[in-house]
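Novice: For reference, the chains in residue letters:
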Amino acid sequence: MGNFPILSFITFLPIVGMIIILCLPKNQTLVMKSITLVITGIQVILAGFLLYHYNYGMGGINNPATFQYIEKFRWIEISGFSWIGKIKIDYFLGIDGLSIPMVLLTAIISFVATLASWKIDKAVKGYFALYLLLVTGMMGVFVALDFFLFYVFWELMLLPMYFLIGIWGGPRREYAAIKFFLYTLLGSVFILLVVIGLYFSTMETMIDGTKVFTFNMLSMMDTHNFVATGILSPMNPHNLRFIAYIALFIGFAIKIPMFPFHTWLPDAHVEAPTAISVILAGVLLKMGTYGILRVCYPVFPDITQKMIWWIAAFGMINIIYGALCAMAQKDFKRLIAYSSISHMGYVMLGMASLNSIGISGAVLQMFNHGTITAMLFIIVGIIYDRAHTREIDAFGGLATQMPIYTGFTTLAFFAAIGLPGLSGFISETFVFLGGFAFETIRVITVISTLGILLGAGYMLWTLQRIYLGTVPEKWKVLKDLDFREYAMLVPLSIIIIFLGVYPSSMLNLMNSSVNAMVKFMMDSKALYGSITGF
Amino acid sequence: MTEFNLIQIAIAILFLPLVGFAFVLFLGKKIKSAYLVEVGILILTFLLTAVLLFNKLYWFADKNIVSEFSWISYKNIAVFGNISIDLGFLLDNLSVIMIFTVALISMLVHIFSIAYMAGDKLYNRYFAYLGLFTFSMSGIVLTHNILMMYVFWELVGISSYLLIGFWYEKKSAPDAGKKAFLVNRIGDIGMFSGIMMLFNTYHTFTFEKIFAQMASGTLPFNSEFWLTVTGLLLFCGAIGKSAQFPLHVWLPDAMEGPTPVSALIHAATMVAAGVFLVCRIFPMLTGDALFIIAVIGALSALIPATIALTQNDIKKVLAYSTVSQLGYMVMALGVGAYKFAFFHLITHAFFKACLFLGSGSVIHAMHHEQDITKMGGLKKKLPLTYATFLIASLALSGIPLTSGFLSKDGILQGTFAFGSLTGYWLFPAVGFVVAMLTAFYMFRLIILTFHGEPKNKEKYDHAHESPFVMAMPLVVLSALSIFIWYTPNPINADAGLFLGKWIKTPSLSVPQNARYSFMKTDLVPEGKAENNRDISNEVKKEGTAEGKEVIYSEAYTEAMHHAHYPAMFLSLFVALTGIVFAFVFYYWKKISADKLARDIKPFYKLSFNKWYFDEIYNATFVTFTMLSSRVLAWFDNTIVDGIVNGAATVTRMISFFTGRFDNIVVDGLVNLMAYLSGFIGLVLRRFQTGRVQTYIVLVVFSLVIILYLFKTF
Amino acid sequence: MNINYLLNSLYLIKPEIAISATLVLLVLMDLIMGSNKKLLPYIAIAGLIAASYFSVEQFGMSSLAFVSKANKGMIVTDPFGAFFKGIVVFASFFVIYFSIKSDEIKASFERHGEYYTLIFGMILGMFFMISASDLILIYLSLELVSLSSYVLAGFTKTSQRNSEASLKYVIYGGVSSGIMLFGISILYGITGSTNLYEINSLIQTSSIPNLTFILSGILIFVGIGYKISAVPFHFWTPDVYEGAPITITAFLSVASKAAGFALLIRFIKITFIKSVDSAGYWQLVDIIDWKTFFIFLSIITMTLGNFAALWQDNMKRMLAYSSIAHAGYLLLGMAVLSNQGMIAIIIYFMVYAFMNLGAFFVVMLIANKIGTEDIDDYKGLGYSQPFLGVCLGIFLVSLTGLPPTAGFIGKLYIFIALVDAKMITLAVIALLNSVVSLYYYIRVLRNLFLTRPENGTFEFKVSFSNGLVLVLLAAPVIIFGLYFTPLINIAKSSIQILGF
Amino acid sequence: MIHIGLGHFLFVSSILFSLGIFGVVTRKNAVMVLMGIELMLNASNINFIAFAKYGNFGLQGQVMALFVIVLAAAEAAIALAIVLNIYKTFSTVNVDEIDTLKD
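Listed in order, the protein sequences are those of chains Z, F, Y and P.
Number 534 marks the last residue of the first sequence (the numbering used here); no jumps.
Number 713 marks the last residue of the second sequence (the numbering used here); no jumps.
Number 500 marks the last residue of the third sequence (the numbering used here); no jumps.
Number 103 marks the last residue of the fourth sequence (the numbering used here); no jumps.
These are computed hints drawn from the structure, not numbers from a lab.
Think of the CB as a built atom: it goes at the ideal place given N, C-alpha and C, for glycine as much as any other residue.
Don't take each hint at face value.
A partial selection of chain P residues facing chain F, derived with a Cβ cut-off under 7 Å [stated by the list, open to error]:
# : residue
1 : 15
2 : 16
3 : 24
4 : 38
5 : 53
6 : 95
7 : 97
Derived DSS-like pairs (lysine-lysine); straight-line CA-CA distance at most 30 Å [what the hints assert, rightly or not]:
#  : chain 1 : residue 1 : chain 2 : residue 2
8  : Y       : 101       : P       : 102
9  : Z       : 474       : F       : 170
10 : Y       : 422       : Z       : 211
11 : F       : 75        : Z       : 474
12 : Z       : 26        : Y       : 369
13 : Z       : 525       : F       : 75
14 : Y       : 461       : Z       : 119
15 : F       : 29        : Z       : 476
16 : Z       : 479       : Z       : 122
17 : Y       : 157       : P       : 53
18 : F       : 170       : Z       : 476
19 : Z       : 33        : Z       : 119
Just a few of them, taken from the derived set where beta-carbon distance is under 7 Å, the chain F residues facing chain Y [what the hints assert, rightly or not]:
#  : residue
20 : 570
21 : 680
22 : 710
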């Protein structure tokens, strides 16, 4: 291993690819696609490498010593302010059990989505350049430990995504792209405000003993680092932690997307090209929940504990509301989009449980939802490529026409409804078990179990309407899968089945971190209680 | 044979069908005869179960063999401590007998299907699904913890879904499959909630550990009430899977699947899984829970029996009969007649499978005609089918010398005893009424199908006896409907090894005061237990030196004893009455069934229309869900997106960007803001007139204002 | 004051001398070469190189030139001035390159000599504006810039909008400088001096009639405010920016504004300062409440600029309003009245020079080909001209102030300076303003990338040299967005103003 | 005999300045507008010279006035050329009519 900066490498490799692609002549589309494929492939290998050398015993969360693959050096340093003193921003990367599943997911989904992009024929150069930029942004969010850096990566995703939807999207792409853009931007503004607020409330002790304000997320988790008078400091009796928490939470919740901030998602999905839908559902949505776990929880453990009922309640609303809305959809892709909303509700519910089982379930559900929904969107894309419509009622009987495709679809659908043996089951079960164990949200958990009924309802109904029955005459021309489509579906299917049968592989990975998180939350209850006296 | 060998065999039994499933699914397209692998695997599996059954019952009859390994484990975590979610086997007499039954019927159904399904274009796929089903079902039976049971529970659900909807091209089949799955999921939610409750209390899923902790006094939320609730929630799973009232509506529809599937899944094994579940969790069911279970069972026994009277579809009649019989078993469990419930489960599995396969044979012969009013006189054409069908029907009706007589009698005896002890005479009453109804509709079915004149001459002429592969299973199953396999004494089931030695009521873990009064432990002196052979079976050795824990009080044993003969004769009487009535109506035609139907039209219609359950559910739950989904989708599009999130603003902004700024949507707070910013822009534009003199006036004017302001600072 | 001293002073104004010499040379060459004027821009560039060399040389210096009496000179040579001269020279380089490429300018080929001469007139004026420490010189240099730019704004004589811009500019500019001159005369009357240092020491020691002093201060500010287009002295900006040739618009928006700000900072700091505290905050003589004045001025400037820009259809006009808004952000740096604020302004200018010049260059390249600056005519440009589209995109994103572009860093530093001065409300207002600005910038992006071209595609090639220049402008916008320590180091060493 | 003091000069210059602005704002003819500007400049000139004389500030004020006169001439020359150009392109010198550039 040595000091090889593997995290920087995995993060910025796509940028290199982007530059190469930008230098290529316009008509070398195959080369561009291959470069993108190779780069994302290398990312998968690097992610595997990370996994191979990962130390399962180190928890991370708030303890910098137990993060792995740390890279830290001074990025920016400005001095000479009055009360601010010195401004320093670190380039600080590292992963723990929360981030490594997400890094893996990002690498895998990026690779698969590259394959899904293969048929792009409009402005190929721009597409793949932006695509690689997007990949860097996503990867960066999951490895950054400096809040400023985190925010930079967070914003970095915004524009590529906007263009990828807006240029290569469907008929109403402009509307969808701007909607996506405005929502996400609104969220980022909230996040930025809190970042600044936190910055001015925490001070880090430097090697020479002086204290400086810091963007270091991990320092923000330690109460000793808070400045007594900081607006977000718990020691300050007039602190604004509650408001800041809400703002930060909404900033992340827009990405999840949490009811009622979810309406950008169906539009964005419907208009986005297949590969971008895959990325959007597979990775981008996870950033919301990841952000909450990475920042909201450990930085504001006091407020989190007060708000836990609300997080669970909104999770429940997402689950049931998303499922019911999905049931009424006529567009296949829109239906899957709403199902995403529903499934992300489980993540929120699991997070709210504040115990190892529930949080493990939530993180596992993030990963599983990533793979399952990616597969579902690929499935929608395959049929859209062939039939140029996504109207559910326009189809029927595809099982006869495209049996192998239907087989994959069935697998994905069953995984989505949480069928045992497939990955979705264990994460949902954990979420429920965790939620039930926490008295505050017990009732909510029980109500949320309705989601598994509704989920099965709309999924099976869709399966029936599109795949079962007799084939209409006009779809008798549809061909079954080709090699490229196999290459996308098979790896995802394998992951789905593997994690269904052997979830420990992923659970062990996050175990230490989840435990550290729970321990931190419990310890902080007493700690914050002694500080603020509530 | 060591215990470890048994576990190895169990592993093989569990996974062989899965291997078959995978093999046939992936290679079915390439290899035309892949199904033979699956059939072969099933035969092998059956042989293994036979070995397992023999060895377990012979060598380890009193021992529960458990083997487990950790699937997911957590060490020292907050709230839960150490958690290990295990995968494991529990081989007790219950499970080995059950697995033997499952494997046997599955094997027979596989063999039967070779001919029955011949020519289907997804022939291999069918066998693959059967393999998946057998795997899942074996899992339910063999597992030692509730979570794994739930896992396999879902898996049988999905294989049932696949098999019901096997002929997916006709609309009704996938509909039925979907309905089956969703109705089952309703029950599963309950079951899952129960599991959450258990896990939350005991931090484990393993039955034995849960019962052990419960016996030492740990209860969900420290209250017996919640223990009752937990038991009932788990029972919800059984309501769904065993098609008990009020979730029984899926089973008749499930007859859309191929008939052998109905025989295997919807008569013999999967639907019995619910009863099996209740058997498994029997130690943790409180008196209150058991009473509610008994009520549900009674209702499930009665209502479908009345419906079966008027149905004309041969498979629907059998389906309602299945629901009714399952209700019987559940009722039996509810009144505490644990052994007889399980006994009936096994006997019913054989004769009901025989009936279904027989009906399959008929349907096959009649070229997929299922309406019994269009059959008749098939006795001559299908003599073997007729004979086996008759034996199974006699068993179902509870005629002596059949296995059904023994088990049904036992159940009626149990309800009788329960009635005498608690005063709830309604249960035995329901039991006898149902027994009569059963005998009636079964013989109605036989008479209309096999006797009389053929009503569809053309099809009748083409009908022919089934080939060997279809006949053989019928013969085997009908043979298993005879008493001799279970007990040497045709009127006393307890005399046999099956009830006498192998199946015992498990000791309860429920606190004493939450049990039925007759199940409270009273310590019996050593000597007395010796005296009474009958109750010695119920006695289980306890670790304490004080004495032996008796599961049932003496009064109960007494009552059972007294109930034996009255119940037997009464049941024989009602069964014969039913048969006679059937002959009167349909064979001798002394009374016109049509006329009677006209005379009691409301009742007839109620029965014929299945008590309108589907209609009521459609009008309420389904409509409500669909309506709320539509309303919510509208709400989402219009209210949430439009007002809360100000998508109207976005639209407006876009139209503004594109230069088509119109005033179509001007409402909502956010729009007001947009309007305001637009207004500011418009006002500012007023100043930029393009006339330089105006600018200078403005400059001078603002200069004056600035000076004024400075003066006042 | 002997001749040696004068010579020493000349030594201190080498950049200005270089510019003057080039100016003269340009006039001569124009006369000599007759019709072949291709060489002129290269002479201009050579002159600029010399000037930039001398400007960089001044970085370490700190002295006064043309001292009238008792150490009160007319021209200051210090790092602060050197930096702004650098910005002016930098902008001039690009503007001259743009001029070579601009079809507008090419059209009046025979008057090229005039064109470059006038540009050098402007540069000379700006240099003096930047380094003047005497009201006489301030007024003269301001007028020199103005007079040259009046002509340049109307350089294409045949175009109606050129002439209109020119007329409006001359009238508006004339009135503004007239008002300023009146202010100067009053200040002269109450202090008896035109030298800023002298005035400073005077107002610190003796009592000054308050109202008159305020009157003179505000009147003088009119002239500066008009140069930096601060609201309410901005009215000329949109009209002139739209009407003038793009090269001149670009020059006005960057160089002229930079010179104006340099003048403003020097005027405020030298004239009114009492002391600078350890944290770098300026203690001003409290006759005029400049702080409040700048706060309100910046708020209305950026707000008005942004809101008015929302409604523009012409790219140049939109950029004009955006430059007003940027003046507002820069005034925020003034409002802080501290060294940090100055650093913020300086960083902002470095960034602003890149992105604004870049944006104007793209606009010019497009105007060269399709002859329009209408935003709606940009539809689909991103498809047929992805390179131009992406570059314009980068510049606009940077102007919006989104990471990871340099524009973000510029804004960020201003926000930090505001927060450091505990002016949170102002920071929030500025933040909201940049959200508003997003809407009109994104509208251009949308036209570039999200819509299909309506009538015909943009069938033309971007030449290699143009591409290179674009990359030279665009790459730093990204690079400085990610690694901006050099910017800060430059800014820190550039805040030294002689005497403090 | 009234003694002419600084106040008188300042009074005259203020009047002149106001008249200048008034002229700039009200005249339609571009040339007249330019004359208004000239008036403003000259108002300042009067100030400079008056202050220099009465305040004993040395020559600075007078020098300034000279500079301003020169600049005013230059400005007038340029402005008139521009007006001439305007007349060529717009065929009018009425500043009110020259308003094609606006929001």
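Novice: Each hint needs a verdict: does it hold in this structure or not?
Specialist: Each hint, compared with the structure:
1. 15: This interface hint is violated because 16 Å lies over the 7 Å limit.
2. 16: Violated, about 15 Å.
3. 24: holds (6 Å)
4. 38: violated (15 Å)
5. 53: violated (28 Å)
6. 95: At about 6 Å, which falls below the 7 Å cut-off, the nearest Cβ of chain F leaves the hint on residue 95 of chain P intact, so it holds.
7. 97: violated (9 Å)
8. Y/101 / P/102: holds (28 Å)
9. Z/474 / F/170: holds (19 Å)
10. Y/422 / Z/211: It holds: about 20 Å lies between the C-alpha atoms, which stays within 30 Å.
11. F/75 / Z/474: This hinted pair is violated, its Cα atoms lying about 58 Å apart.
12. Z/26 / Y/369: holds (21 Å)
13. Z/525 / F/75: Holds, at roughly 22 Å.
14. Y/461 / Z/119: OK: residue 461 of chain Y and residue 119 of chain Z at ~27 Å, within 30 Å.
15. F/29 / Z/476: holds (20 Å)
16. Z/479 / Z/122: holds (24 Å)
17. Y/157 / P/53: Status violated; Cα separation ~45 Å.
18. F/170 / Z/476: Within the cut-off at roughly 17 Å; holds.
19. Z/33 / Z/119: Holds. Residue 33 of chain Z to residue 119 of chain Z sits at ~10 Å (cutoff 30 Å).
20. 570: Hint violated; residue 570 of chain F Cβ to chain Y Cβ min 83 Å, cut 7 Å.
21. 680: holds (5 Å)
22. 710: holds (5 Å)
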